[in-house]
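*Asks:* These protein sequence lines are chains D and Z, in that order.
Position 339 of the first sequence, counting from 1, maps to 339 under the working numbering, and the rest follow consecutively.
Position 59 of the second sequence, counting from 1, maps to 59 under the working numbering, and the rest follow consecutively.
Hints listed in this document are in silico derivations from the structure and should not be mistaken for laboratory results.
You may find that some hints are simply not true.
Said to hold, decoys possible - With a Cα cut of at most 20 Å, we get these calculated SDA-like pairs of lysine to any residue:
1) K304/D / E286/D
2) K380/D / G38/Z
3) K304/D / G38/Z
4) K304/D / D16/Z
5) K341/D / M33/Z
6) K91/Z / K380/D
In this text, all values refer to a predicted model and were calculated from it rather than measured experimentally.
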Amino acid sequence: MAEMKTAAYVCQGCGLGERLSTRQLAQVAQKEGKMALVREHGFLCSEAGVQSIRDDIEKEAVTHVAIAACSRRAKTEAFSFPTVAMSRANLREGVIWSQPDTDAARETTQEMADDYVRMACAEVKKMKVPAGNPDAAHNTRLLVVGGGISGMTAALEASKAGYRVMIVEKTGTLGGWTGTLWKRTPAHEPFEAPADTGVAAMIQAVQADANIEVRVGSTIARTSGAPGRFSVEIAAESGGTATEAFGAIVQATGFSPYDATKLPELGFGRTPNVLDQAGLERLAREAAAGSTPIRRPSDGGEVKTVVFVQCAGQRDASGVHLPYCSGHCCATSIKQAMYFKDANPAIDTVVVYTDLRVPGNGEDFYRSGQSKGVTFTKGKVAAVEPTGNACTVRFRDLILDEDATIENADIVVLATGQVPNSGVDIEKVAQNEPGEWQSDPGSVLNLAYRQGKDLPMLRHGFSDSHFICFPYETRRTGIYTAGPVRRPMDITQAVEDATGAALKAIQAAENAGLGRAAHPRSGDLSYPMVRLDGCTQCKRCTVECPFGAIDEDEKRYPLFNESRCRRCGTCMGACPVRVISFENYSVDTVGAQLKAVDVPDEFSEKPRILVLACENDAYPALDMAGMARRHYSAFVRIIPVRCLGSVNTIWLSDALNSGYDGVMLMGCKHGDDYQCHFVKGSELANYRMSKIDDTLKQMALEPERVATCEVAITDTERVARLIDEYAAKINELGMSPLKGFA
Amino acid sequence: MASDLNAQALARYRNDFLREVEERVDEGEWVKMCMQCGVCAGSCPFGPHWEHSPQKLFMMIRAGKRDEVLQSDSMWMCTSCYNCVVRCPRKLPITTIMHGIATYAHRLGLAPKRQPTRDFSVVFWENFTRNGRANEMRLMLRLWFKDGIGAGIKKALAMKNVGLGMLRTRRMSPFEIFGGHGVKDVKGFQAMIRKAQEIEDRRRGFTK
Chain D
1 MAEMKTAAYV
11 CQGCGLGERL
21 STRQLAQVAQ
31 KEGKMALVRE
41 HGFLCSEAGV
51 QSIRDDIEKE
61 AVTHVAIAAC
71 SRRAKTEAFS
81 FPTVAMSRAN
91 LREGVIWSQP
101 DTDAARETTQ
111 EMADDYVRMA
121 CAEVKKMKVP
131 AGNPDAAHNT
141 RLLVVGGGIS
151 GMTAALEASK
161 AGYRVMIVEK
171 TGTLGGWTGT
181 LWKRTPAHEP
191 FEAPADTGVA
201 AMIQAVQADA
211 NIEVRVGSTI
221 ARTSGAPGRF
231 SVEIAAESGG
241 TATEAFGAIV
251 QATGFSPYDA
261 TKLPELGFGR
271 TPNVLDQAGL
281 ERLAREAAAG
291 STPIRRPSDG
301 GEVKTVVFVQ
311 CAGQRDASGV
321 HLPYCSGHCC
331 ATSIKQAMYF
341 KDANPAIDTV
351 VVYTDLRVPG
361 NGEDFYRSGQ
371 SKGVTFTKGK
381 VAAVEPTGNA
391 CTVRFRDLIL
401 DEDATIENAD
411 IVVLATGQVP
421 NSGVDIEKVA
431 QNEPGEWQSD
441 PGSVLNLAYR
451 QGKDLPMLRH
461 GFSDSHFICF
471 PYETRRTGIY
481 TAGPVRRPMD
491 ITQAVEDATG
501 AALKAIQAAE
511 NAGLGRAAHP
521 RSGDLSYPMV
531 RLDGCTQCKR
541 CTVECPFGAI
551 DEDEKRYPLF
561 NESRCRRCGT
571 CMGACPVRVI
581 SFENYSVDTV
591 GAQLKAVDVP
601 DEFSEKPRIL
611 VLACENDAYP
621 ALDMAGMARR
631 HYSAFVRIIP
641 VRCLGSVNTI
651 WLSDALNSGY
661 DGVMLMGCKH
671 GDDYQCHFVK
681 GSELANYRMS
691 KIDDTLKQMA
701 LEPERVATCE
711 VAITDTERVA
721 RLIDEYAAKI
731 NELGMSPLKG
741 FA
Chain Z
1 MASDLNAQAL
11 ARYRNDFLRE
21 VEERVDEGEW
31 VKMCMQCGVC
41 AGSCPFGPHW
51 EHSPQKLFMM
61 IRAGKRDEVL
71 QSDSMWMCTS
81 CYNCVVRCPR
91 KLPITTIMHG
101 IATYAHRLGL
111 APKRQPTRDF
121 SVVFWENFTR
131 NGRANEMRLM
141 LRLWFKDGIG
151 AGIKKALAMK
161 NVGLGMLRTR
171 RMSPFEIFGG
181 HGVKDVKGFQ
191 AMIRKAQEIE
201 DRRRGFTK
């Protein structure tokens, strides 16, 4: 880019002109902000206002624009100038709407606005226009791992959208788990009876689809690259590997049933008459093939009583078995009870449950089971005792609160849970050193990533995804999970899940082709740049990147894969030597802002509190607090950050050294039920801040001078209160002793 | 007679009490649709005072606890407030089922002896079917004196002022004691009741 030419625009609309001296703001921009061109406008986001900026960019060769108007989250379409660097001073939501309109407040309100103008001017001068990822590649073919109902759905949906797909299936046939069922729980009105699985028709559709290639009996030997340029080695069981290129990946590897041999107390393994749900499906298919009723497995005798034991080896609080609910098993047991009832209503079928959970339209199906005479008994099964060809089921009746038994059960079906097929737990196995990568037969994807071969898990082996906002996203950009590998679910949910994942994968591949980020900064053209000559190879960026975007080269320097990056800046926050930056977001852009603030001396009774607010939740909450006219302390100066994970501790020491009286960090909830858009950012920030006390001690400051808090986007009322409470605390602590030394 | 009916029912249904209830109890076919949420138990104003809530009774029926259900005095406690019926998410006619079970238990002779609601019901039914109108004077006296002369006199004295007040304001006639008045066609009325019972007995499988 040619010479830098700066311009600042001060808006007088939305009451800014009445509440503030925009003349003074313009002077601040000119004298202190050193902006080459300063203009005031009565209504900046109007066509005329926007045109005046556009004219300056064209005719005056302005390259850096600071706009002092509303929040950066408002009027984004009007103030869109992709060819220049731009900063926004939030004078509307952040100043006049969050401060009382009184004579007493006029002075501090104006000071606040002056500071935001100084900050915007300082920031923009440190920014560059992002050029886009130079390493972008445009391949939109999708790889679907797993040929079950989820995988086939993903492939068919992607094909319908016009994309080419390859399905890689480990076993010899398509169909997966659903293919092993005799019938499925109904997916359509009136939800009354078991229905055809539809798998055969689906396999036909897949095979007839010119966009879809299928590799059965194959596994993934190695996956390298990034979105838009994945290179995948596919190993066939028969020997030989082929390398294929893909733009994005959908992992639909499904689940395995929980190992019922771990439940000997429920009779499994002690008699063939105790089965898991998979076993009963097998019996039902065999019986249907021979057009006979389902017979007792031990001797082929007639079946008169069938007992279904729900939550067998799941929802277990003792820690021995699965702790979670698999969601589908209640409806599956109702379906299997109907296998018997529909054939012969005289057969007694008893479902022993603790809580009957039938998601979706399952309530209708449950009701249908009841009217067909399936008996539902609320109880907890303690033991299944086989004697001869019959079983005795002992359970605690939870309604009558007494021990009860069912004698002479011919078949007992255990509803065991879903265990995700998610490969290796990367937290538990050692990673290969650079240059020593080897595939792992237990891994699904065999990722040649520094951070491990499979997707990171959250709990119980299910892949980690942002549950509230971005369920399909995993922590590996361009790789999406669908179906029970993501969370326990039934067929209907898996189909929906696979459709969503396929569309997200298409999006990721297309974005990668354009050199843009995937969610949640989708469309962002900036990417992390590293000044390798300053790097000390501490590996904190490689380890802390929540998305596994950074590998190591042979010399052990970080190797960034821009297309894998989500642009959160966690690496930038982690780097102790501050060599990582983005063109429009860096240690300098924030550092310059906080240093631009005019910090009054210690006798002024005007403390200054720096607020670093996450742009995803906390900053919108602050904006909305302004919109609701919730007033907060005039002594705060708020800087939005991409994620709390991007906060480099240098900002805190810089701020405190420059005489700020306190620093507040506002980020998202972290922990197992995190809400951080970048999964680990707020958690890492919290960890880093737990170590900052020593630094504060060295500076002879109280630990309260730095505060971290969790703010959700809905906390519009609370966020104002948090600020005021912290301001009151700073007032108690007194002014920082470091004022005037900077 | 009642014990014969019980023996007949036992032979007919063996251990399948749910089917017995479905066929023989008014609205009994709804019992299997209960989903054990407990809203009825929580809604019942008499909740803490009965041994078995509707939820429990339905569970006991499904568990085949025939004697416990039919000998229970819980369904006799129902005041017909219909709170449970209004709230039941599965729309079970719970009040009707409660009265249905009570009636069936009475019919088989299994209902608890000296259960006040049952005693009242028996007295009321006899009193009212005699000539088609309830005879308040006789009904009152029978209820008061059912536990003996002494107890009857005690109750009468306790209610003395109410009774005198009612006599004075002509809300009650002492001459009712001699038979009182009935519907126009008492014989026809009684025939109608008999026919209804006959139909009901056939429908419930008590007679062919």
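*Asks:* Each hint needs a verdict: does it hold in this structure or not?
*Replies:* Outcome of the hint check:
1. K304/D / E286/D: It holds: about 19 Å lies between the C-alpha atoms, which stays within 20 Å.
2. K380/D / G38/Z: Given that 20 Å is the threshold and the Cα spacing comes to 18 Å, the pair holds.
3. K304/D / G38/Z: Between K304/D and G38/Z the Cα gap is close to 30 Å, so the pair fails against 20 Å, i.e. violated.
4. K304/D / D16/Z: 13 Å, holds
5. K341/D / M33/Z: 16 Å, holds
6. K91/Z / K380/D: 27 Å, violated
The structure does not agree with the numbered hints 3, 6 stated previously, though it agrees with the rest.
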